[in-house]
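There are 2 protein chains.
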Amino acid sequence: MAKREGQLRLGAFYHEGGHHVAAWRHAGAASEGLQDLIDFARKAEAAKFDAVFFADGPGVRLRNLAVASAKAHSGVRAFEPVTLLAALALATDRIGLVATASSSFNEPYNLARQFASLDHISGGRAGWNLVTTNDQDAAFNFNHGAQLPHAQRYQRAAEFADVVLGLWDSWEDDAFPRDREAGRYFDPAKLHVLDHKGPHFQVLGPLNIPRTPQGHPVVVQAGSSEPGKELAARTAEVIFTAQQTLEEAIDFYADVKARLARYGRARDDLKILPGVSPVVGRTRAEARAKFEALQELITPEVGLGLLSDHLGADLSGYPLDGPIPDLPPTNGGKSRQTLVVDLALREKLTVRELYLRIAGARGHWQLVGTPADIADQLEERFVHYGADGFNVMPPLLPGSLDDFIELVVPELRRRGLFRSEYEGDTLRDHLGLRRPENRFARRIAAAE
Amino acid sequence: MAKREGQLRLGAFYHEGGHHVAAWRHAGAASEGLQDLIDFARKAEAAKFDAVFFADGPGVRLRNLAVASAKAHSGVRAFEPVTLLAALALATDRIGLVATASSSFNEPYNLARQFASLDHISGGRAGWNLVTTNDQDAAFNFNHGAQLPHAQRYQRAAEFADVVLGLWDSWEDDAFPRDREAGRYFDPAKLHVLDHKGPHFQVLGPLNIPRTPQGHPVVVQAGSSEPGKELAARTAEVIFTAQQTLEEAIDFYADVKARLARYGRARDDLKILPGVSPVVGRTRAEARAKFEALQELITPEVGLGLLSDHLGADLSGYPLDGPIPDLPPTNGGKSRQTLVVDLALREKLTVRELYLRIAGARGHWQLVGTPADIADQLEERFVHYGADGFNVMPPLLPGSLDDFIELVVPELRRRGLFRSEYEGDTLRDHLGLRRPENRFARRIAAAE
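In order, the protein sequences belong to chains A and B.
Whatever position you read off the first sequence (first residue = 1), add 30 for the numbering used here.
Whatever position you read off the second sequence (first residue = 1), add 30 for the numbering used here.
Calculated from the structure, these hints are not laboratory results.
In this text the structure is predicted, and so the values were computed from the model without any measurement.
There may be inaccurate statements among the hints.
[Stated by the list, open to error] In silico SDA-like cross-links for lysine to any residue, where the CA-CA straight-line distance does not exceed 20 Å:
#1 A/Lys-227 <-> A/Ala-188
#2 B/Lys-227 <-> A/Gly-175
#3 A/Lys-227 <-> B/His-174
#4 B/Lys-259 <-> B/His-174
#5 B/Lys-227 <-> A/Ala-188
#6 B/Lys-259 <-> B/Tyr-293
#7 A/Lys-287 <-> A/Arg-464
#8 B/Lys-78 <-> B/Glu-409
#9 B/Lys-227 <-> A/Asn-173
#10 B/Lys-227 <-> A/His-174
#11 A/Lys-220 <-> B/Lys-259
#12 A/Lys-378 <-> A/Asp-406
#13 A/Lys-73 <-> B/Asp-298
#14 A/Lys-320 <-> B/Pro-355
#15 A/Lys-33 <-> A/Lys-320
[What the hints assert, rightly or not] Looking from chain B toward chain A, a few residues come up when the C-beta cut is under 10 Å (computed):
#16 Ala-52
#17 Arg-55
#18 Pro-88
#19 Leu-118
#20 Leu-148
#21 His-174
#22 Leu-178
#23 Val-233
#24 Val-332
[What the hints assert, rightly or not] Computed footprint of chain A on chain B, listed as stretches where at least three residues anywhere in the stretch have a Cβ under 8 Å from a Cβ of chain A:
#25 107 to 113
#26 134 to 146
#27 161 to 172
#28 213 to 219
#29 236 to 245
#30 437 to 445
All C-beta atoms, glycine included, are put in the ideal place defined by N, C-alpha and C.
Modelling step: build the complete structure from the supplied sequences, incorporating the hints.
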């Protein structure tokens, strides 16, 4: 295979019991106690993953409840990720800790503080996955009669990110001399008041926490829509994305990397990590049997609920063995709808076939095979510049993560594609991202 | 001394380097590294304190900066308390964890989730100190040109507390049967949608986290104004307050406890814990010397900054050795201004004398003496129903907390006033607060 320098990055993406929609019904599924989460993070750390990753939405998906009654479990309950990751910081030493938080339903000052605090507590291992939150149900928890339109969510998100990044530079790295003799606790010349005034936010600053070990937490984004890609090119350091085919992945990778230059950024300043859901067996038959054992646990109502959620439209009235109907335009996650519809059209899938296809990986890339099969596929995407690494979404937890670590990680190491030891201490070190300078300090230096 | 049944409750209130305004300049002061905070919490736990307590405000006090330049350190920087306490939950086993969070600058859905998550992570040790935040500077970080008037802040706070408490009952304790065979993850009959519609908030719910080990986190409040006392009587389970004299303390205690009945609450449903700042020496001379060593570190600009902050008015133009001038009405913390002005009038203090008086305890109760002196004073307030316990504000950290634990706690135990072992596992167990029933479950039972 064509040679590409460097190694791939791996995230371990948590979901209670596993990402497969029926995983919780599997006899091997862990529940979501704190100890299960600690075990998950420590295993990923022992295997030298770059980070653990947690999704989030501030609400129960009532639409799901309506369709699937009490039988779907995804999006119903979870630890709040910022508090969870602060706890996991004390249960681990090296692995990165990435939590999702919404730019639509938070105040930038509060969010900037919490992630800065997490970066201090963890010694430089925090990452913030910025999402705009496409759930109608979340909007009802925040004084909104309806969710903001897609474009407006992204305008707010861009300004939100500007405010957060500005606040993170409120203090220079050496702003606190703590000179007891002189009574000089901080150096006023190293304090920078943001004084942001924009259409969505007016935030004076400064942030009441020192600059963090990483300069600032790593900024992650997940949107793959046009405004999502543009926002990512401007501010993100990691993109968590979803592509089904090698061609789609290469196109997406080239598209986003090409946008970086116009913001004065280098290609290496942004890492692209598609999601992948691996079912690994020592033989292909074993892998297939593991996968089918999960698929058989999906009831039609749960499958339809998941599909409706991905498409932003209720499919419960349509025949299970008929084609996907024409869909109304969605105000939800456009990229997610497009990816799923493209898959159905490409492979001429029925409603049932489609929900079975996305149940395992939730619209992400599903792999079922031997360690060599899986490593071949990952390597192919990596060397052809379809990915800088992968966010691993184990369909069953803890089993699928154990399998990946025991079987696939050694194979990746044999191929020189993955580390055997951490090279540094921070999430930036793991990802190969430089520590950003303080924007205000830079400006002053330039003026001298 | 008159006999009162029961024992007193003790909180350990953290402040970087100690609560004395010049503590950070003392050679014995710890800085605020994570390890310093872990040591603080573990020491308080080893001594069987009920809880550790953290103040908070979402902003740097720029007014302080203007007065005191870079020489004041209070209110400049800190860990964000929710993330901090989630980390401390993993570093401790039994002690309660109380964080302050503002009802003026948060969304109730986010706050309810975070404290519920903290209660799960800590196994039932979380407390939320509800404050309305009287800092003008914080308002500028949240799109506000000015802070809300005092009355409006309290109206919002009351509705905020209603929403949070309602969300915490979204699920009954046994709402998640997780029946794998039947595919029944939760029981819809045990899910309650709040659907709150009020003047400040419209929040549908449900909360996306199960009911917590304590039923809900303990609700703490700190306001001592008229609306503050009324809000506390309606919703708080602990009041953190400040009274200088025994008479004031008894009046406040009787006043607040008498208000409980009109909300259908018992006197024991609310614990009153005034702040106390103890400087302990083996002799009175030693205690006095320790205190003077701190007082000597206060510069006039820092003293004036602190005083101006307490009074909500800039005193920097007035003679240090003259009387306290007449003050304009404040929109800040009324109770704090009143307490400080009353102290000055009662003892005819000059500006300098007043700032020296409040520098140690920040308007709270300053004690300087032997272990027997301190225990006498605490016992007197307790047995005369001026307090159910105390929130201990060590003027110097770690030294003053060490002194209190080594010298005063054994004296309290000899008198039968403080526990030698924890009686239970949760913060409610420590405080002697009952676990609340789910309000919705109760209603249904009543209707049957």
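Going down the list of hints, with the structure as the test:
no.	hint	in the structure
1	A/Lys-227 <-> A/Ala-188	holds, 14 Å
2	B/Lys-227 <-> A/Gly-175	holds, 11 Å
3	A/Lys-227 <-> B/His-174	holds, 11 Å
4	B/Lys-259 <-> B/His-174	violated, 26 Å
5	B/Lys-227 <-> A/Ala-188	violated, 30 Å
6	B/Lys-259 <-> B/Tyr-293	holds, 13 Å
7	A/Lys-287 <-> A/Arg-464	holds, 17 Å
8	B/Lys-78 <-> B/Glu-409	holds, 18 Å
9	B/Lys-227 <-> A/Asn-173	holds, 9 Å
10	B/Lys-227 <-> A/His-174	holds, 11 Å
11	A/Lys-220 <-> B/Lys-259	violated, 41 Å
12	A/Lys-378 <-> A/Asp-406	violated, 27 Å
13	A/Lys-73 <-> B/Asp-298	violated, 46 Å
14	A/Lys-320 <-> B/Pro-355	violated, 79 Å
15	A/Lys-33 <-> A/Lys-320	violated, 33 Å
16	Ala-52	holds, 8 Å
17	Arg-55	holds, 5 Å
18	Pro-88	holds, 6 Å
19	Leu-118	holds, 8 Å
20	Leu-148	holds, 5 Å
21	His-174	holds, 8 Å
22	Leu-178	violated, 15 Å
23	Val-233	holds, 5 Å
24	Val-332	holds, 8 Å
25	107 to 113	holds (count 6)
26	134 to 146	holds (count 8)
27	161 to 172	holds (count 4)
28	213 to 219	holds (count 6)
29	236 to 245	holds (count 5)
30	437 to 445	violated (count 0)
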